[in-house]
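A.B. asks: Each chain, written out:
Protein chains: 2
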Amino acid sequence: MTTLTIALDVMGGDFGPPITIPAAIAAIQQDPLLNIILCGDKSIIETTLSKHKQSNSPQLSIFHCSQVIEMDERPAFTLRNKTDSSMRKALELVKKGEAGACVSAGNTGALMTNAYYVLKTLPGIDRPALVSSLPTVTDKKVYLLDLGANVNCDSEILFQYAVMGSVMAEEVEGIKNPRVALLNVGEEEIKGNDRVKHAAQLLTDATNINFIGYIEGNDIFTDKADVVVTDGFVGNIALKACEGLGKLIAVEVKRISHQNLFTRIMARLALPLLKKIYSRVNPDQYNGASLIGLRGIVVKSHGNASIEAFQYAIREAVQEISRQVPSKIKDKIEITLS
Amino acid sequence: MTTLTIALDVMGGDFGPPITIPAAIAAIQQDPLLNIILCGDKSIIETTLSKHKQSNSPQLSIFHCSQVIEMDERPAFTLRNKTDSSMRKALELVKKGEAGACVSAGNTGALMTNAYYVLKTLPGIDRPALVSSLPTVTDKKVYLLDLGANVNCDSEILFQYAVMGSVMAEEVEGIKNPRVALLNVGEEEIKGNDRVKHAAQLLTDATNINFIGYIEGNDIFTDKADVVVTDGFVGNIALKACEGLGKLIAVEVKRISHQNLFTRIMARLALPLLKKIYSRVNPDQYNGASLIGLRGIVVKSHGNASIEAFQYAIREAVQEISRQVPSKIKDKIEITLS
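One line per chain: the protein sequences are A and B, in this order.
If you count by this note's numbering, then the first sequence holds residues 3 to 340, one letter each, in order.
If you count by this note's numbering, then the second sequence holds residues 3 to 340, one letter each, in order.
Incorrect hints may appear among the rest.
Put simply, identical chains are the same to the list, so a pair is met inside one copy or across any two.
What the hints assert, rightly or not - Computed list of lysine-lysine pairs in DSSO-like fashion (alpha-carbon distance at most 27 Å, straight line):
| id | residue 1 | residue 2 |
| --- | --- | --- |
| 1 | 193 | 249 |
| 2 | 226 | 249 |
| 3 | 143 | 249 |
| 4 | 142 | 249 |
These are calculated hints, taken from the structure and not from any lab test.
All values derive from a computational prediction rather than experimental measurement.
Whole structure, please, built from the sequences with the hints as guidance.
C.D. replies: Here it is in structure tokens:
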């Protein structure tokens with residue numbers, strides 16, 4: 003039995019320590035083999051741990067950092083000026099091998115830029131990708147990438163993303179020979195732009211990728227594919243449009259439920275059901291996007307994650323460490339390109 | 003009082019005459035100034051009209067066409083080989099000035115290709131765009147374009163789309179000085195790819211467009227903008243991803259409602275409410291996308307539209323004729339480029 007260590011950016015996110023520390027405590031209580039290094043302001047961390055009666059937990063240690071990366075700071079600015087930030091230090095602990103993964107709910111752009119700078123990409127990978135799993139109409143999940151790490155992807159990069167997504171689905175989700183699809187405006191071979199068409203050719207030629215062709219936006223959620231690949235511009239907008247629709251539905255429920263006494267009673271009765279559905283289908287709830295393709299594991303939690311959602315991000319990191327995702331990606335890329 | 007004439011592709015769509023003809027009948031009954039030319043197989047049309055006791059309606063005429071464009075036929079094939087199809091003839095009636103608009107639920111790719119070939123674009127417009135209105139959290143709608151007419155848009159074309167969308171919002175929706183936004187992966191100026199950044203510059207320089215900057219995918223539905231502009235690849239995938247999420251929610255409602263007696267009762271009680279919400283937020287229900295930028299009006303209905311939804315597409319066409327949308331686009335482009 004080996005222990006796993008995670009470096010946690012305690013200060014990141016919309017709320018910081020009040021969310022990240024209780025989540026860390028819950029995570030170590032569930033997993034006696036997990037150690038967490040809490041990166042951030044020492045006095046705040048100590049106070050919070052003491053409040054939770056966890057000052058002496060052998061599974062928790064503190065790494066003091068004097069700076070915090072704000073949610074609205076420019077990535078390039080943070081790279082130059084926030085070298086003692088909780089996010090940067092958490093990434094450096096991964097780089098040094100003192101932690102197996104970094105988990106942060108901080109500024110996404112800063113996390114991508116700092117992670118890329120500190121950890122570097124794996125051999126054969128040009129750019130990292132942000133990937134997350136989403137619900138489908140069956141019990142299975144689907145991996146969608148890139149969600150915004152790279153807005154200028156050529157077909158070679160889309161190909162690398164397909165390989166990386168395939169490894170994620172196989173190792174983290176346990177799917178044998180995952181079905182990989184390219185997101186396109188139609189399923190026919192003639193559809194799409196040149197970049198997508200060329201990526202499809204590269205994937206058709208690769209013998210160790212189960213490439214099933216193109217799928218359209220409406221089929222992301224129909225369990226036609228285990229991995230859906232697109233560039234960071236399209237992936238980010240598609241995911242956020244779905245989040246926006248989820249919020250619109252929530253607003254609409256509230257609006258309709260106030261229309262009259264009947265709808266008010268109906269809404270009151272139906273609310274638990276609606277909440278259950280909403281929590282299952284709202285992409286916002288699928289916390290823990292991973293930045294993959296780097297020489298280390300980085301999990302990005304939503305900025306406004308709850309304690310429970312942040313725990314989900316920690317669990318995601320644990321899973322990726324134990325399945326050695328980066329080295330599996332490295333191996334698969336080597337075989338694919340050889 | 004002037005009459006308006008619409009050329010209807012009777013044979014298009016998943017169902018054809020059983021949907022399109024009753025919708026046409028309902029539309030003329032609601033609007034005594036509306037004439038509809040039914041393009042398609044004469045004997046099928048006559049039989050259907052007779053069944054509905056409308057064989058002698060002065061508002062309906064028949065234009066016999068010997069061919070039908072199938073839903074899976076390639077656009078280029080239809081252009082060469084389906085010159086006597088109901089879709090092609092309906093477009094030609096618009097070209098000749100015998101109809102003010104063409105309405106079709108047929109093959110989208112074929113409609114775009116044939117419309118572009120038959121009608122040509124307006125001066126100053128390089129490519130037509132597919133545009134539709136979507137719901138927002140308020141009572142207002144938002145126009146999203148391009149939804150897939152053009153998957154390779156440079157910044158000039160994005161700029162033209164912004165002008166066209168602005169005219170649609172102003173003329174069809176009656177919004178004074180509509181707020182126009184570019185869809186991007188972030189709201190900050192530094193975000194996005196070069197194409198989007200350059201389009202933003204062109205729009206900032208244009209004095210007669212109320213350009214409000216970038217918005218992200220989740221803000222499509224928040225009434226931040228009246229017009230949201232993106233290329234056909236992104237727009238198509240974002241819209242279809244939302245449709246997919248809508249379907250996922252419908253599946254989830256069914257699944258959860260069958261879990262146990264309590265959820266079954268809840269679901270039964272909540273069903274009318276859920277249906278109401280679903281019909282308001284499901285982008286699929288917003289029937290009647292317009293192909294704009296052409297020297298004529300073309301409205302595309304969903305292939306699987308109901309009679310009611312197809313009527314909505316006819317109403318959309320009537321509105322565009324009476325507001326003279328193509329000539330307004332021509333004027334606005336002229337002023338903008340001068």
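A.B. asks: My question is about residue 193 and residue 249: at a cut-off of 27 Å on alpha-carbon distance, are they close within one copy, between copies, both, or neither?
C.D. replies: between (32 Å within a copy, 24 Å between copies)
A.B. asks: At most 27 Å between CA atoms: does that hold for residue 143 and residue 249 within a copy, between copies, both, or neither?
C.D. replies: Both. Shortest intra-copy (21 Å) and inter-copy (16 Å) distances satisfy the 27 Å Cα cut-off.
A.B. asks: If the cut is 27 Å between Cα atoms, do residue 142 and residue 249 qualify within a copy, between copies, both or neither?
C.D. replies: both (23 Å within a copy, 16 Å between copies)
A.B. asks: Treating 27 Å as the Cα threshold, decide for residue 226 and residue 249: within, between, both or neither.
C.D. replies: Both ways: residue 226 and residue 249 sit 26 Å apart in one copy and 14 Å across, limit 27 Å.
The structure meets every hint from the earlier list without exception.
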